[in-house]
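Given next are the chains, with one letter for each unit.
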Amino acid sequence: MTKYTELSLTHRQHSNPEVSFSEKLVKHNGWLVLISLLLALGIWSAVVNWGNLPAFVLPSPSAVWQKFLLSLANGTLIHHTLVTLSEVLLGLFAGSCLATITGYFLARSASLEKILSPFLVASQAVPTVAIAPLLIIWFGSGMSSKVLICALIVFFPVLVNTIIGFRAVPANLKDLMLSLHPNRWQMLKYLEIPSALPILFGGLRIGATLSVIGAVVGEFVGSDQGLGFLINVGRGQYDMPLVFVAIFSLIFLALCLYSIALMAERLSMPWKRHR
Amino acid sequence: MITPSEALLTVDHISMTFTDSREDLDALQDVSFSLSRQEFLSILGPSGSGKSTLIRVIAGLIPATQGSISFCSNRAEPKIGLVFQQANLMPWRNVLQNILLPLEIEGIDHDLAEKKALELVHLVGLEEFIHAWPDELSGGMAQRVAIARALIQDPDLLLLDEPFGSLDALTRERMGVELLRIWQASQKAVILVTHSISESLLLSDRVLVLSSRPGKITTDMTVTLPRPRLEEIRYSDEFIRLERKLRNSLKD
Chain P
15 MTKYTELSLT HRQHSNPEVS FSEKLVKHNG WLVLISLLLA LGIWSAVVNW GNLPAFVLPS
75 PSAVWQKFLL SLANGTLIHH TLVTLSEVLL GLFAGSCLAT ITGYFLARSA SLEKILSPFL
135 VASQAVPTVA IAPLLIIWFG SGMSSKVLIC ALIVFFPVLV NTIIGFRAVP ANLKDLMLSL
195 HPNRWQMLKY LEIPSALPIL FGGLRIGATL SVIGAVVGEF VGSDQGLGFL INVGRGQYDM
255 PLVFVAIFSL IFLALCLYSI ALMAERLSMP WKRHR
Chain D
20 MITPSEALLT VDHISMTFTD SREDLDALQD VSFSLSRQEF LSILGPSGSG KSTLIRVIAG
80 LIPATQGSIS FCSNRAEPKI GLVFQQANLM PWRNVLQNIL LPLEIEGIDH DLAEKKALEL
140 VHLVGLEEFI HAWPDELSGG MAQRVAIARA LIQDPDLLLL DEPFGSLDAL TRERMGVELL
200 RIWQASQKAV ILVTHSISES LLLSDRVLVL SSRPGKITTD MTVTLPRPRL EEIRYSDEFI
260 RLERKLRNSL KD
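Chains as they are written, first to last, in the numbering used here: chain P, 15 to 289; chain D, 20 to 271.
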């Protein structure tokens with residue numbers, strides 16, 4: 015019988031060499047990353063030591079480290095980080111939810127997109143940084159104005175990705191679904207969402223990093239807490255170590271959010287993981 | 020000849036014109052035929068003869084410009100199982116989940132559905148691969164999954180639109196034999212669209228030949244080969260005679 019001869023698994027090559035390369039780097043060359051970090055620290059202290067730079071221009075790594083331990087111990091760092099984190103998360107959530115829902119309807123209706131797109135594009139032509147002062151005046155210097163700025167900055171990239179994602183649903187799979195007479199919800203659940211998911215997550219990842227920027231911009235313009243506020247305070251007092259601690263915290267925050275989004279992406283798409 | 024009352028499907032004077040902004044394209048012209056229960060019908064024709072259009076019209080995916088399609092089924096809405104040239108499996112569902120999809124949409128109890136799905140997995144010989152993802156499958160295996168998925172609703176009619184068109188020649192022949200076995204086990208009414216004369220002869224009770232654009236039925240030939248058939252029937256004199264006859268009618 016020749017019946018089963020073709021039943022052999024075809025093992026695919028990695029279809030995305032870029033991802034597999036960076037994965038390899040992290041997996042097998044973790045020490046390389048560590049060395050490069052240490053090297054950067056070394057150069058930094060060398061510049062400070064031999065360049066005779068005053069601490070209010072460039073503080074030494076050890077000064078920053080001490081400042082970090084101090085602000086961690088007295089709770090300031092955690093407090094301000096949590097404030098920024100909540101702004102970022104709330105804004106990201108509100109912005110991407112709204113963008114995904116709007117994007118879904120825009121993707122379905124070409125005429126709706128034609129009517130709304132001039133407004134959407136115009137809203138993007140105005141840099142969020144420029145209207146941040148207005149929003150602070152209108153919504154106060156509390157958290158709500160920052161959440162709004164984050165949501166605004168997140169909205170557009172997530173919206174665009176949502177439209178692209180839902181438009182890119184393969185026509186042949188759509189035909190197949192239609193032949194099974196699904197209702198609107200089943201169409202969404204069995205075809206449109208899983209099909210758009212990779213692109214939706216791409217938008218979410220961009221949104222996550224942008225949201226951090228939005229929160230800091232808002233805090234710069236007017237606030238009394240958050241990491242952006244901390245940077246402002248540090249700058250005002252020529253306390254450069256504090257500025258550096260706040261900046262590193264922001265980088266850490268953005269990296270964490272990005273990795274969480276990446277992890278959620280992997281977990282929710284097991285069919286992409288097996289390779 | 021089948022009287023309309025016995026027919027499962029009656030295709031009545033179907034014409035199809037695609038209207039473009041610049042010109043009209045006549046894909047099908049006055050196509051009529053009927054299909055009885057358990058009949059295996061093949062539609063042969065050159066590329067661009069509107070074969071796939073005809074399948075899409077019968078499946079209800081696009082409305083015909085003229086004419087009508089009627090089903091005589093005990094069910095309120097006739098169930099149609101579709102298999103396309105591409106397997107069209109959902110990449111995010113494993114083999115078993117893909118086969119289950121039609122029943123999930125229908126809202127059938129999951130345990131019952133799974134029992135049925137496993138029977139079909141057995142029928143198409145994919146027991147070892149029920150948890151594999153579609154992109155781990157070869158083309159022939161993916162097409163078996165698609166056939167199982169089309170059969171799970173126990174359809175009144177199975178529409179196969181060049182199901183082996185994207186497979187290599189050897190796999191394709193083997194899949195033809197597989198389909199023969201599957202059909203002999205399930206006894207469904209089938210319409211198979213194909214480019215392959217020998218495939219249509221091996222499988223069908225009847226072969227329709229469509230002319231090139233606009234598609235019209237030029238030949239309606241009953242396949243006078245005995246059933247049940249085995250692959251070896253390809254070498255019989257009758258098979259070769261019918262093959263020559265079909266090849267000639269495709270030339271006209």
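Honestly, I wouldn't trust all of these hints.
[As the list claims (entries may be wrong)] Below, simulated DSS-like cross-link-like pairs (lysine-lysine); rule was C-alpha separation at most 27 angstroms, straight line:
(1) D:Lys135 <-> P:Lys188
(2) P:Lys188 <-> D:Lys270
(3) D:Lys207 <-> P:Lys203
(4) D:Lys98 <-> P:Lys188
Note that these hints are calculated values from the structure, not bench results.
Outcome of the hint check:
The straight-line distance between the Cα atoms of lysine 135 (chain D) and lysine 188 (chain P) is roughly 24 angstroms, inside the 27 angstroms bound, and the hint therefore holds. Only pairs whose Cα atoms come within 27 angstroms are accepted, and lysine 188 (chain P) paired with lysine 270 (chain D) is rejected, the gap being roughly 36 angstroms. Among the hinted pairs, lysine 207 (chain D) with lysine 203 (chain P) is inconsistent with the structure: their alpha-carbon atoms are about 31 angstroms apart, more than 27 angstroms. Pair hint lysine 98 (chain D) plus lysine 188 (chain P) holds up; C-alpha atoms about 18 angstroms apart against a cutoff of 27 angstroms.
Consistency with the previously given hints fails for numbers 2, 3, ordered from lowest to highest.
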